[in-house]
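Asker: Residue numbers (our numbering), protein chains in the order written: chain A, 1 to 335; chain B, 1 to 290; chain C, 1 to 254.
Keep in mind that the hints were calculated from the coordinates and are not lab data. Cβ atoms here follow ideal geometry from the backbone N, Cα and C, with glycine treated the same way. Incorrect hints may have been included.
BS3-like mimics (lysine-lysine), calculated; alpha carbons at most 30 Å apart, straight line [stated by the list, open to error]:
#1 A:K204 - C:K110
#2 C:K144 - C:K110
#3 C:K167 - C:K110
#4 A:K223 - C:K110
#5 A:K204 - C:K167
#6 A:K204 - A:K223
#7 C:K144 - A:K204
#8 C:K144 - A:K223
Computed, partial: chain A to chain B, Cβ under 10 Å [as the list claims (entries may be wrong)]:
#9 I85
#10 R118
#11 H120
#12 Q124
#13 L208
#14 F253
#15 A257
#16 P293
#17 H295
#18 A306
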Amino acid sequence: MAEATIRSAAASRPGPLLRDLLGLGLIALGGLAGYLLFPDNLAFLTRLISVALLVLSLDLIVGYCGIASLGQAALYGAGAYTAGIACLNGVTEPFLLVLIGAAAGAMTGLLMGAVMLRAHGLPQLVLSIALVQLLHEAANKASWLTGGSDGLSGMVPAPLFGVFEFDLWGRSAYLFGLGLLLVVFAVLRLVVRSPFGMLCRGLKEDPLRISALGIYAFPVLLKMFVISGAVAGTGGALAAIATQVVGLDSVSFELSANALVMLVLGGIGHLYGALVGTVIFMALEHVVAAANPFHWMTLVGAVLIAIVLFAPRGLSGSLDQLAGLLTRQGGRAGR
Amino acid sequence: MQTALSIAMDAFAYGMALFIICIGLSLTMGLMRVVNLAHGAFAMIGGYIASYVARDLGLGYGFAILLAMIGTVLIALPLERLLYRRIYDRSELSQVLMTIGITFCVIGITNYIFGPTLKTIPLPTGLAHPIDLGFRSIAGHRLFVIASGLVVAGGLWFLIERTGFGIHLRAAVENVAMARALGIRTEIIYAASFALAIALSAFGGVVGAEFLPIEPYYALRYMVTFLVVVSVGGAGSIGGALAACLLLGAIDVTGRYLMPEFGNFFFYLAVILVVCTFPRGLMGRARSHG
Amino acid sequence: MTPVFEVSRLSKEFGGLKVSRDISLAMAEGERLALIGPNGAGKTTFVNLVTGRIRPNSGHVRLDGEDITALGPEQRVRRGLVRTFQVTRLFPDMTPEEHVIMTVLQRHGKAARILARFHGDSEAADEAADVLATLGLTEVARRKVGAIAYGQQRLLEIAIALAQRPKVLLLDEPAAGVPSADTPRIEEALARLPASLAVLMIEHDMDLVFRFARRVVVLAAGELIFEGPPADVARDPQVREAYLGSYAHAGSHA
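Using the sequences provided together with the hints, build the complete structure.
Answerer: Okay, structure coming up:
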């Protein structure tokens, strides 16, 4: 009889799907609120969305596969530069540019994964840094292609759907970005709940167990690097389309490190944390760094230390714990 | 020929400066298994103290080095007790985050106190001029750095291989529980090694200031270089660190001389190739089975 | 009849220290064999050699007549050489059901699919439910593994192994750490393992060995020193020397 209950329950699992729809609704709502409340800061908010995509992509590597990376901006920058160069060469359709950026990110992810997965621990971390620095140097030197230290500029993407211009106010760019974020987020929720996603979680916790099931880790992890690269590349392409500038900072160690800080601030391993962390970090940076960039560094440093000591699961992890406590108490009271 | 020789001398001196800074990091990582990204921050603190002592107080270069080492250790020891001890057995990611956090704080605070400008450490006249070696002359400072590096390498080798402290240290590395059972106070060994590592990094920060100038972003700018040296050499190995420093120093300096337009491109390419070929480092210890 | 599993003259040394010397043994289909030995006899090394975690210096491992000595651990598992772990290696945040589904999906070649829902494969879910029911784990199938009893975790280890449909099963101390009240459940599960499956059990507990195996091999100082029915083990002078000698040795240190 108990077996029968298992089977019938396996047939219908509405919980997670409903939660995802709710989550998507909340993100859409938050995004639209940003649109209405800060109409003068849409350029900043669009940049925030593109960085959120970068942080999401990093969560796939760090949070779901357990691989620490300080070079994620390599994937973001690859998407940004490729989309930017394509745009300057006559490919102006925004959706196509995003696809190009995602493909470039995925290719770079393939390369990065193939290199990083050769090592473990500190050497692996060093490889991630060396890769982003290598790309940074390459982008700096190939100025005929990338504009060097001046960056790439002068891109004029075609209007969205042939109607909505990417104008000075950035309304089209922002809504375009928000739509991209929603699509990517929905896809990633499906990815992390697929057999593949479960396997990655398993590899993060105990590679030996997975190997004893007869499963090779390398192709699985490499696949995640490719997906991660596509997501980061999408973020980069969005930045290129929206700001119409691509600078060397988009493929830098600093951006990579900041992305990691944002992810950890929000909490690793469940996608929502990536969004929460990005919003809080960039909003604070917008305010504090504008006043004094060095105070900003001190603050970020102190926050990092505090997180490691007091909230290892990040803000959303702590919120989860809090919510868990509350509902458990509520449940008890109900009984 | 002259160019080749002067490149070689420069590369040798630069590699030795790197070695003095990084060897402490390599040893603490081999010993305590902590990925300490803040190591460069301590070298930078040493540089600032030396600059203050030599330039603002007008004391000699020797005093500057000594006070820099003592002062940096005094700053670092409380950090070891309050922060580092809590991450010794935490995940790598936690260690990375905590030590990046410390680095950011040090940068922010240093800039608040000393400002963003570059700090120099005036050299004594004996080191500021070229010294004639017979076949050619070489900047005295370069010679001093090379000699210091050799002394540090030899001294560490002697300390670890030939002294009672070294025996305890190696015992603690091999098997902490066993070492404790034998009555070795491992936390004192750890603290002493940490202090030694920090003192060396401060020393390296001062004598290497000609190659790696002292400014607030120092801790972040060269973080990568230091980590690269350790992971290429293999954590915990003096010979490995020496080989890595000389190799990477040679690649870096030669690259800058011959192809300055390519900046660090070849440096990072070499790093990727070496790490991919030797994932455990040039002379890293293979992790034992078990 | 060719043995389903065969180890011939397997040797391994670490830095001059011989931890396995010339180990040879063969198992027929459906056989129940136990490998015992005092601490430090080289059992862990033997398991690692057989599963492909470490490479031998010489000797061969054959599965179903095929030489698998050069194959890595994953390939050996795929060919039907499956192991359980002495200390359970499970994912505390996943449920027993999820562990077994993942295993079944892997056998079906679907473990790394992206365009599918993990819980959406009813074939795999049904098979997992069957395996879990066989081992009496249905009630806890949906709880987090971190929240179920250790005895149940051990049963889950066996469930995962069975879901892999092995030809040869290596049970590494299947009852280690289980409170004695729960060992009967483990033994019951072991007694009901498929009859055609060749099972090599590595075990300390002699009572369990006596009830489970019809043949015993003894490993001491990296060598097989005994092979025969369980009833003869205790009478063998070499085995007595190996066990009692090691205790006398340990005693003199204490």
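Asker: Against each hint, give a clear statement of whether it holds in the structure.
Answerer: Outcome of the hint check:
1. A:K204 - C:K110: Answer holds: K204 (chain A) to K110 (chain C) is near 19 Å, not above 30 Å.
2. C:K144 - C:K110: 23 Å, holds
3. C:K167 - C:K110: At roughly 21 Å apart (the allowed maximum being 30 Å), K110 (chain C) and K167 (chain C) satisfy the hint.
4. A:K223 - C:K110: Distance of about 15 Å is within 30 Å: holds.
5. A:K204 - C:K167: Holds - the C-alpha atoms of K167 (chain C) and K204 (chain A) are around 29 Å apart, at most 30 Å.
6. A:K204 - A:K223: 14 Å, holds
7. C:K144 - A:K204: With Cα atoms ~17 Å apart, K144 (chain C) and K204 (chain A) stay inside 30 Å; holds.
8. C:K144 - A:K223: 27 Å, holds
9. I85: Violated: closest Cβ of chain B sits about 20 Å from I85 (chain A), beyond 10 Å.
10. R118: 5 Å, holds
11. H120: For H120 (chain A), the interface hint holds, since the closest Cβ of chain B sits about 7 Å away, which is under 10 Å.
12. Q124: 8 Å, holds
13. L208: 12 Å, violated
14. F253: 7 Å, holds
15. A257: A257 (chain A) check passes; min Cβ-Cβ to chain B is 6 Å, inside 10 Å.
16. P293: 9 Å, holds
17. H295: 6 Å, holds
18. A306: 8 Å, holds
Hints 9, 13 from the earlier list are contradicted by this structure; the remaining hints agree with it.
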